[in-house]
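The whole structure should be built from the sequences, with the hints applied where relevant.
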Amino acid sequence: MTSPYHGLDPRQFWKSGVAEHHPTALPDLYRKKFDIGPDIKIATAGSCFAQHIKQQLTNRGFAVLDSEKPPVTARKTIAQKYGYRLFSGRYGNIYTTRHLLQITQEAFGLFQPANAIWEREGRFFDAMRPTVEPGGLETAELVLKHRARHLARFQKLLKTTELFIFTFGLTEAWIDRKTGTTYPTAPETVAGTFDPDVFVFKNFKYEEIYRDFLRFKALVEKINPSIKFLLTVSPVPLTATARDDHVLVATTYSKSILRAVAGRLADEYDTIDYFPSYEIITAPTSKGFYFEPNMRSVSDAGVEAVMKVFFAQHAPGNTAFEVTDPNHEGDSRRAGPASDDDIVCEELLLDSFTP
Amino acid sequence: MKKLCFIGNSHLAALKLAWDDIQENHPDLDITFFGAYGNSLANIAVEDGALVPTNEKMQLEFNVTSYDKGRITISEYDYFFLFSLNFSVNLIIPPYDEFRTDSQQDDPAKHLISDRFYKDISKDFLTQSAGYVVRQKLIEAGAAQIFISPQPMPSEAILQNKNGASTFRDAHDNGDLPAIVDMFEDIKAEFAEEGLAYVDQPSDTLNPNGFTKDMYSVDAIRLTIKFNKKHPPDDHFHMNTHYGAALLQKIFAII
Chain A
1 MTSPYHGLDP
11 RQFWKSGVAE
21 HHPTALPDLY
31 RKKFDIGPDI
41 KIATAGSCFA
51 QHIKQQLTNR
61 GFAVLDSEKP
71 PVTARKTIAQ
81 KYGYRLFSGR
91 YGNIYTTRHL
101 LQITQEAFGL
111 FQPANAIWER
121 EGRFFDAMRP
131 TVEPGGLETA
141 ELVLKHRARH
151 LARFQKLLKT
161 TELFIFTFGL
171 TEAWIDRKTG
181 TTYPTAPETV
191 AGTFDPDVFV
201 FKNFKYEEIY
211 RDFLRFKALV
221 EKINPSIKFL
231 LTVSPVPLTA
241 TARDDHVLVA
251 TTYSKSILRA
261 VAGRLADEYD
271 TIDYFPSYEI
281 ITAPTSKGFY
291 FEPNMRSVSD
301 AGVEAVMKVF
311 FAQHAPGNTA
321 FEVTDPNHEG
331 DSRRAGPASD
341 DDIVCEELLL
351 DSFTP
Chain B
1 MKKLCFIGNS
11 HLAALKLAWD
21 DIQENHPDLD
31 ITFFGAYGNS
41 LANIAVEDGA
51 LVPTNEKMQL
61 EFNVTSYDKG
71 RITISEYDYF
81 FLFSLNFSVN
91 LIIPPYDEFR
101 TDSQQDDPAK
111 HLISDRFYKD
121 ISKDFLTQSA
131 GYVVRQKLIE
141 AGAAQIFISP
151 QPMPSEAILQ
161 NKNGASTFRD
171 AHDNGDLPAI
181 VDMFEDIKAE
191 FAEEGLAYVD
201 QPSDTLNPNG
211 FTKDMYSVDA
221 IRLTIKFNKK
231 HPPDDHFHMN
241 THYGAALLQK
251 IFAII
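Chains A and B, in that order, give the protein sequences.
Using this note's numbering, the letters of the first sequence map in sequence onto residues 1 to 355.
Using this note's numbering, the letters of the second sequence map in sequence onto residues 1 to 255.
Hints listed in this document are in silico derivations from the structure and should not be mistaken for laboratory results.
Since this is a predicted model, take the numbers as computed values, not measurements.
All C-beta atoms, glycine included, are put in the ideal place defined by N, C-alpha and C.
Mixed in with the good hints, there may be bad ones.
[Stated by the list, open to error] No farther apart than 30 Å at their CA atoms in a straight line, the calculated lysine-lysine pairs in the DSS-like style are these: (1) 69(A) - 162(B); (2) 119(B) - 145(A); (3) 81(A) - 119(B); (4) 159(A) - 110(B); (5) 145(A) - 137(B); (6) 69(A) - 69(B); (7) 81(A) - 137(B); (8) 145(A) - 110(B); (9) 69(A) - 57(B); (10) 222(A) - 110(B); (11) 69(A) - 123(B); (12) 188(B) - 156(A); (13) 156(A) - 250(B); (14) 162(B) - 81(A); (15) 81(A) - 110(B); (16) 81(A) - 188(B).
[What the hints assert, rightly or not] Per label pair, the in silico range of CB-to-CB distance: (17) 192(B) - 293(A): 40 to 46 Å; (18) 27(B) - 121(A): 56 to 62 Å; (19) 295(A) - 78(B): 56 to 62 Å; (20) 38(A) - 127(B): 48 to 54 Å; (21) 55(B) - 34(A): 54 to 60 Å; (22) 270(A) - 55(B): 55 to 61 Å; (23) 106(B) - 300(A): 55 to 61 Å; (24) 189(B) - 293(A): 53 to 59 Å; (25) 208(B) - 194(A): 30 to 36 Å; (26) 193(B) - 205(A): 53 to 59 Å; (27) 105(B) - 270(A): 45 to 51 Å; (28) 177(A) - 98(B): 53 to 59 Å; (29) 293(A) - 106(B): 47 to 53 Å; (30) 192(B) - 38(A): 45 to 51 Å.
Written out as structure tokens, the structure is:
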């Protein structure tokens, strides 16, 4: 009788897969499920961490789509301040799968968000992406007009994307009690008025997140049957939790659920791959090295470590994949954030409520 | 004698040739011209109380226009005037080709952006113009009396030219050009709060529709070594010595 562990790949053992190696050089950490070549049309979406992914892929010459480009005269800092060049569309951070599902449903005329326009100091904001116009718009009607154009481009993006990269961010969200409309941030963080009779805290459960993603997948596959998905989980801890719990405990709970969902989806579907950026950053072997001193923001070294593993599979030994951003003029017009300081993150705004 | 330093790009020719015509009538003024093409003057360097070229091409262009002075020594001048150097409506209008703002005539084929975003990127882009940058460097080098004369509006003949430069024509035809010009003026006013001072295009050189009268653009001369080449007839952006003369009169009234 032979043990079922006999003859397994060295990477399947902690000793030979982890302990015997330098933490920054764990071999065979990721094996791609399918090829992602430089010509594959890629769309990125998700939490703040996904902004790093877009930037790095773009810099390496991958065909990352951008369905809502700003004028070429717009410098990176200003473009990003208005939600451009962060993802493949100007949808802002999409932290939850419920939000992802709802924006997709809305783009196809299947969902209408409630309380979709928030106000602050006489200006109006799109509640589903409240930071894309920092000063708001002049009227509610303009918000709706901008949103309609945005959704049209999002729908077109979904039709043309060949690989959709989604970074799971949070399980916690604030929703409209009656309709379940899920917002990327609580009212009053950026704009809007918090009314506890209207809005309620929701911590999405494992099954909800799993089913939401599958519903999203099914919806997109109706118009784009050959689309594939790459899932990651953001390693960035919560800025704050609305649970009556320590934020570290809430973070672990949240990330555990998201990681489990991502893993199950990748296990069950040939068209879904999981990339372990979460593990690279947060594993005990990294000893926190890939976090900034605040123990929350991912450092440049962390981003580099993540992408090194990715490119080892998807662009191996290809020296042509260096920084080839066609918009590169010093740093003035590089696509995407150059450092974590440039990440645009509504969740970070919760820091202002720290006692 | 008052010593004036005129710095500009290709639009400097109109001033230079106009001054050549009237110089002997102004023995109390000494004007030195420093010209370089396009936005290249944004790369000029500050060195020991002077602005110096950073490449051979710029050096050659300076030598030609300044009769071999070659560098701008701040202490040698009482006033500095910057001409065009991309500080213009021309710099901020290109997004109109592909975009529309909330206050502009809607076109579903164009991308919709907010007015505030358009203004923010326009203001930021103007800070990258050679006009803005050279002014900053003049201050760094010790200059005090500095004026920017924005590039004049194109001549009205541009509306008849169907072959190119359609952005101004499209904006005019859609009724959006006045608001774009107003936005440029708003941005200038915001810069004025930082200390920028201007010599604006003389109002009598403009038609009521905001374009420069054609008479000021006809036979405009290029900024070349011998000043003996005209801009092509379909160039409606460069002005002639008549315009240069009108602008000089406005400048003389300031100093």
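The hint says 55 to 61 Å between residue 106(B) and residue 300(A); measuring C-beta to C-beta, is that right?
violated (42 Å)
Quickly compare the C-alpha distance for residue 145(A) and residue 137(B) to 30 Å and report which way the hint goes.
violated (43 Å)
Under the criterion that the straight-line Cα-Cα distance not exceed 30 Å, is the pair residue 162(B), residue 81(A) satisfied?
violated (37 Å)
Is residue 81(A) within 30 Å of residue 188(B), Cα to Cα?
Distance ~22 Å between residue 81(A) and residue 188(B) Cα, so the pair holds.
Holds or violated: residue 81(A) with residue 119(B), Cα cutoff 30 Å?
holds (13 Å)
Pairwise hint evaluation, residue 162(B) against residue 69(A), where the allowed Cα distance is 30 Å at most
holds (28 Å)
Can the suggested window of 30 to 36 Å be confirmed for the beta-carbon pair residue 208(B) and residue 194(A)?
52 Å Cβ-Cβ, so the 30 to 36 Å window is violated.
CB-CB spacing for residue 78(B) and residue 295(A) relative to the 56 to 62 Å hint
About 59 Å separates the Cβ atoms of residue 295(A) and residue 78(B), which means 56 to 62 Å holds.
Given the hint that residue 156(A) pairs with residue 250(B), does the C-alpha gap stay at or below 30 Å?
At roughly 54 Å apart (the allowed maximum being 30 Å), residue 250(B) and residue 156(A) break the hint.
Assuming the hint says 40 to 46 Å, is it satisfied by the Cβ distance from residue 192(B) to residue 293(A) or not?
holds (42 Å)
Please work out if residue 188(B) and residue 156(A) have their alpha carbons no farther apart than 30 Å.
violated (39 Å)
For residue 69(A) and residue 69(B), compute the direct alpha-carbon distance and say whether it is at most 30 Å.
Status violated; Cα separation ~45 Å.
In summary, the numbered hints that this structure violates are 5, 6, 9, 12, 13, 14, 20, 21, 23, 24, 25, 28.
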